[in-house]
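Novice: Residue numbers (our numbering), protein chains in the order written: chain W, 1 to 321; chain D, 1 to 226.
Read the hints as simulated data drawn from the structure, not as lab findings. Please note that the accuracy of each hint is not assured.
[What the hints assert, rightly or not] Each computed DMTMM-like pair below joins lysine to aspartate or glutamate, with the alpha-carbon atoms no more than 25 Å apart: (1) W:K91 with D:D125; (2) W:K151 with D:E142; (3) W:K91 with D:E142; (4) W:K91 with D:E104; (5) W:K151 with W:D141; (6) W:K143 with D:D176; (7) W:K91 with D:D91; (8) D:K225 with W:D278.
[To be verified] Cβ-to-Cβ under 7 Å is the rule here; a few derived chain W residues that face chain D: (9) F43; (10) L45; (11) R81; (12) I84; (13) T85; (14) R90; (15) H94; (16) F101.
[Stated by the list, open to error] Which chain D residues stay away from chain W? Per the calculated CB distances, all over 12 Å, these: (17) A28; (18) R99; (19) R114; (20) Q121; (21) G149; (22) N177; (23) V181; (24) C195.
Backbone N, C-alpha and C define an ideal beta-carbon position, used for all residues, glycine too.
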Amino acid sequence: MNDIRTIALIAGVLALLTAATAVGQFLKRHPDRGLDPAAVNTFNLRLRGWWIMCTVLAAAFWLGTTATVLLFGLVSFWALREFITLTPTRKGDHRALFWVFFAFTPLHYVLVGLNRYDVFSVFLPVYATLFVLARVAFAGDYKRFLERTAKIQAGLVVCVYCLSFAPALLQLPLAGAAGTAGTGNFRLLFFLILLVQFADCMQYVWSRMLGRRLVAAAVSSNRTWEGLLGSATSTALLAAVLWWAAPPFEPWQAALTGFVVAIMGFAGGMTMSAIKRDRGVKDYGTLVVGHGGVLDRIDSICFAAPVFYHMTQLIAGVGSR
Amino acid sequence: MLSPADPPQKVMAVAGGDHAGPSPLCRAAGLALAAVARVLAGSSVRWIASQPDTCQRVYFANHTSHLDAIVIWSSLPQAVRELTRPVAAKDYWSRGIVRRWLAEQVFDAILIDRTDIKVHQSPVDLMLREIGPTKSLIVFPEGSRSVSGEVGEFKSGLYYLAKKRPDIELVPVHIDNLNRVLPRGEFLPVPLLSCISFGPPLWLERGEAKVDFLERARRSVLALKE
């Protein structure tokens with residue numbers, strides 16, 4: 001039963017991606033269809049990103065929980081790298097950054113892998129925060145102290161802490177699969193990523209079709225209220241249709257989760273866009289020629305993962321002791 | 001151009017070096033180290049109006065960190081890397097067994113004594129003698145790592161290199177962000193992303209004054225910053 005659901009979900013996604021790739025290639029070969037070639041190109045690049053994401057995820061799932069946690073740990077590490085690279089830091093932050101990269105980030109993922117929710121839920125927000133504040137103070141450079149420490153903490157929370165809730169889904173005890181990560185847990189993670197990507201896509205489509213009122217013109221020139229509402233509604237619909245794929249959900253619960261996930265994903269995109277605007281760059285990956293950055297791909301997952309985790313926990317009734 | 005097989009041996013003999021090419025262990029260490037350096041410094045490499053080539057070149061770069069030489073060296077394609085020798089400060093690179101082994105055996109660095117520069121043994125002559133007719137150099141004309149992050153005045157060594165060997169291509173290299181990976185005075189690196197840009201080669205113009213040439217070379221490095 002479980003396996004039929006997994007196969008159905010994966011087959012569905014593969015069919016969708018294949019169809020989209022066919023359309024993308026067709027549009028690329030026929031530039032006379034009156035479509036903006038830049039938009040077609042963006043679409044094709046996006047698709048390539050999804051294929052890569054899908055392949056890597058499938059490989060990690062196949063290899064098991066530890067491999068998946070490790071994969072997300074590496075993604076976090078790389079995203080944090082991009083985040084700090086584009087954030088000006090001073091020499092006084094160097095030692096704090098060293099510990100953030102080589103102690104706090106790996107240790108946090110070890111705790112996630114060991115399923116120590118009680119520890120990993122406070123480790124970064126409390127202890128890493130205190131450490132960074134103290135370490136920067138010890139370094140003796142007080143210039144713009146709060147601003148500098150806040151940058152490091154924001155990077156840690158978004159790139160490491162929030163993202164780690166995605167692989168933590170694999171450890172969430174669900175009714176029926178006591179203790180160990182079952183295929184249900186993998187489907188849950190896949191479901192989250194699918195919803196976030198779908199919401200991103202729908203946001204773009206709805207903004208293009210109906211978008212009038214920009215949320216914040218100075219931050220993003222293509223994110224509109226209509227896009228937000230349309231994407232949240234479409235994502236809720238998709239989630240309701242796919243409710244069978246995510247173990248603890250009833251259709252209405254899946255729809256509600258989809259709605260919230262879409263809004264959080266949108267918020268993530270807006271936030272990262274604001275930071276990029278402030279730094280005057282288009283992509284986090286500008287330092288890596290020819291690629292959008294890792295952070296550009298995962299910003300919405302970072303924002304959506306914690307809320308998805310906690311909603312699932314609430315609905316599965318495992319959060320209440 | 002020169003035939004690739006013979007000259008290196010001859011150069012070794014001329015240079016009076018006591019090692020006959022890198023041993024397999026050192027080559028493996030070199031490959032591994034280049035990979036580690038690329039990953040650690042997250043360096044993206046750009047060739048702007050320029051191409052990697054095994055012809056004789058002097059790569060001159062802004063100096064921001066102890067990692068500069070290693071990172072430039074490892075961002076070259078392997079065939080070019082094997083012909084390229086970084087010029088490094090003796091006081092730093094001959095301290096400790098590991099560092100000295102890396103400098104002498106793996107990078108095949110030319111170590112310059114910054115404290116004891118003699119007239120009859122000028123560093124430029126030493127470099128030219130060491131590279132012979134085939135090898136390339138990586139030099140940092142500022143002489144020491146900049147404190148402010150700005151690119152400082154170039155020392156005159158680059159001018160004399162260009163004057164004595166007008167056939168060598170001088171390739172400007174700009175290193176971005178590496179000073180944050182390993183700032184001056186720190187010994188533990190933070191794995192940020194850096195960018196290495198190679199620019200189009202330049203030569204000493206006929207009758208160009210030393211000051212003008214050095215300023216032109218410095219500006220060619222700065223131009224790669226964008």
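Novice: With reference to the structure, classify each hint as holding or not holding.
Specialist: Here's how the hints hold up against the structure:
1. W:K91 with D:D125: violated, 37 Å
2. W:K151 with D:E142: violated, 33 Å
3. W:K91 with D:E142: holds, 21 Å
4. W:K91 with D:E104: violated, 31 Å
5. W:K151 with W:D141: Within the cut-off at roughly 15 Å; holds.
6. W:K143 with D:D176: The given pair, whose Cα atoms are some 24 Å apart, holds under the 25 Å limit.
7. W:K91 with D:D91: holds, 24 Å
8. D:K225 with W:D278: Satisfied, since the Cα-Cα distance of roughly 20 Å is no more than 25 Å.
9. F43: violated, 25 Å
10. L45: violated, 18 Å
11. R81: holds, 6 Å
12. I84: holds, 6 Å
13. T85: holds, 4 Å
14. R90: Since chain D brings no Cβ nearer than about 9 Å to R90 (chain W), farther than 7 Å, the hint is violated.
15. H94: For H94 (chain W), the interface hint holds, since the closest Cβ of chain D sits about 5 Å away, which is under 7 Å.
16. F101: holds, 6 Å
17. A28: At about 25 Å from chain W, A28 (chain D) clears the 12 Å cut-off, so the statement holds.
18. R99: holds, 20 Å
19. R114: Consistent with the label, R114 (chain D) stays out of reach of chain W, its closest Cβ about 24 Å off (over 12 Å).
20. Q121: Given that every Cβ of chain W is farther than 12 Å from that of Q121 (chain D), nearest at about 36 Å, it holds.
21. G149: violated, 10 Å
22. N177: violated, 7 Å
23. V181: violated, 9 Å
24. C195: violated, 5 Å
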